[in-house]
Structure formats: C-alpha cells, structure tokens
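Asks: Sequence:
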Amino acid sequence: MNQTQLDLRNVQVTRYVVPLREGGSLPALAEADDGFLYVLKFRGAGQGTKALVAELIGGELARAGRLRIPELVFATLDPAFGRSEPDEEIQDLLKASTGLNLGLHYLSGAITYDAAVHQPEPLIASKIVWLDALITNVDRTARNTNMLLWHKELWLIDHGAALYFHHDWQSWQEQSQKPFIQIKDHVLLPFASMLDEANAAMKQLLTPEKVRQIVDTVPDEWLAQEPDAEPATVMKDVYFQFLMHRISHSENFLNQARHAREGLI
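Per our numbering, the sequence shown starts with residue 1, numbered consecutively.
None of these hints come from the bench; they were simulated from the model. Relax, there's no trap hidden among the hints.
Okay, the calculated beta carbon distance ranges per label pair:
| id | residue 1 | residue 2 | range |
| --- | --- | --- | --- |
| 1 | 66 | 10 | 19 to 27 Å |
| 2 | 197 | 20 | 34 to 42 Å |
| 3 | 80 | 46 | 21 to 29 Å |
| 4 | 95 | 190 | 38 to 46 Å |
Treat the numbers as computed from the prediction; the structure is a model and nothing was measured. Virtual Cβ for every residue (Gly too), placed ideally from N, Cα, C.
Could you put the whole structure together from the sequences, leaning on the hints where they help?
Replies: So, in structure tokens, the structure goes:
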C-alpha cells in the first residue's frame, strides 16, 4: 500500500445474495471471503466506475469529517462468479463487473432515516449539509435520504451521484467555483442551525494532506475506463484541485445553504 493512500481492506466476493432494486447503480447484497455481508456497488452498472470514484471519495471525506459511514472495502469479482446466476440481467452485470468493485459493510437491522421521526443534533446535520454541498451530492432529499439509523445513530450511505463535474471534465474549474443550488432540497437543511460551526470544524479536518490521501486511494483502473482518459495521476489531481478549491472558498456554497435555510424557517 502506498503510504499516501488509505488502508482499505480487500475482499473477494464469494456469494451474490440478493439484488437491491434501488438507484441506478444496481447494488446488491453480497457475501465476501471474510464472512461479512456488503452492499456491493458494481463497476459494470449504469454510471460505471465514476459512481465508484464518487462513492469512495465522498464516503471517506465523510469519515474524515467524523461522520458515521459503513466501512468501505475493495471487493473483487472473479470472472467465473456470475456463470451460475439464472437471472440474465444480473448475470450480464456480474460479467461486466469482473475485477475491482466497491463494497459498503452491511448494517444489519438498520432502518431508513425519516426526518419526521428523528431529528439529528444540529452540528451533525450541519456537517452533513456542508459535506453534501462540498461534493455536490444531489441524493440526500426527503424522497431519497441515503441515510440509515443504526443503533440509534445516523449513518451515511450512497455518494455515487456526487462529484457530477466528472461527467464533463473540461468544466471542472468552473464547477469548482459554483454554489450548490440543489442544497435547498436537502432533507437535513431545516435542522442545520450550526453551519458556521460546521464550516470551521470540517475545514480543520479536511486538510490538503487528508484530501490528497483520499483521492490517491482511488484505483487507477477505475480512472482508466474513460474513453479519453488522461493518466491517472492527472485525473486524481483534478479531483484534488476541485475539492481544495471548494473547501478554501466554502463561503460560495455556505451562503447558498444559509439563504435556502432562511426560506424554510
């Protein structure tokens, strides 16, 4: 393991348990050779490896910000893994996902977060709103919260739709300077009464060294899937520069969140 990377564990997928029919990533519950269950995100699904990159970066930024997220692991699929799968759609997905995928540790017994039932602490809500504005995560709405309650704690899942600038690499500098208008739909915005405190805390935790370490953990092979891919080091530097520019100019998206919240309360 490169010293500049996070030490994510590697597991071998041994059993496809059941598909999870939510979202465009077509995730599934799978068992690995360590005996644990994981929510598996496939490289062969609709958004391809870009969704895995966003999942990894977004999730580990959340962890670095001291928010709760299930353990992320690199999950390898053997070429022969899908041959016995009777469902043709699933078999095609598994065949297209041979190699390195991403798994999130399955939180058994967790329930979907409901804002009408559970009100999070203001600082936690504010940090999550801040994070999602940073990574331009459009998937934390009342319709699709992408949060779980497990042992009475709030856990974040599914960041695959974040960092959508990478669907148009040429505009990354412009996108890094924009506020995040969709923050008005964030399910936790009404509870985010400590945005200034969250801003200070997250900027202290998400140092250039930590952000670089997270970005460098992205496997080169996920970045090589682009038709016009630059060298992996170049693409990783774009992710790093995008994030650092947004962090250093956080007032751009923080003001947007403040104004959106004022319209709610």
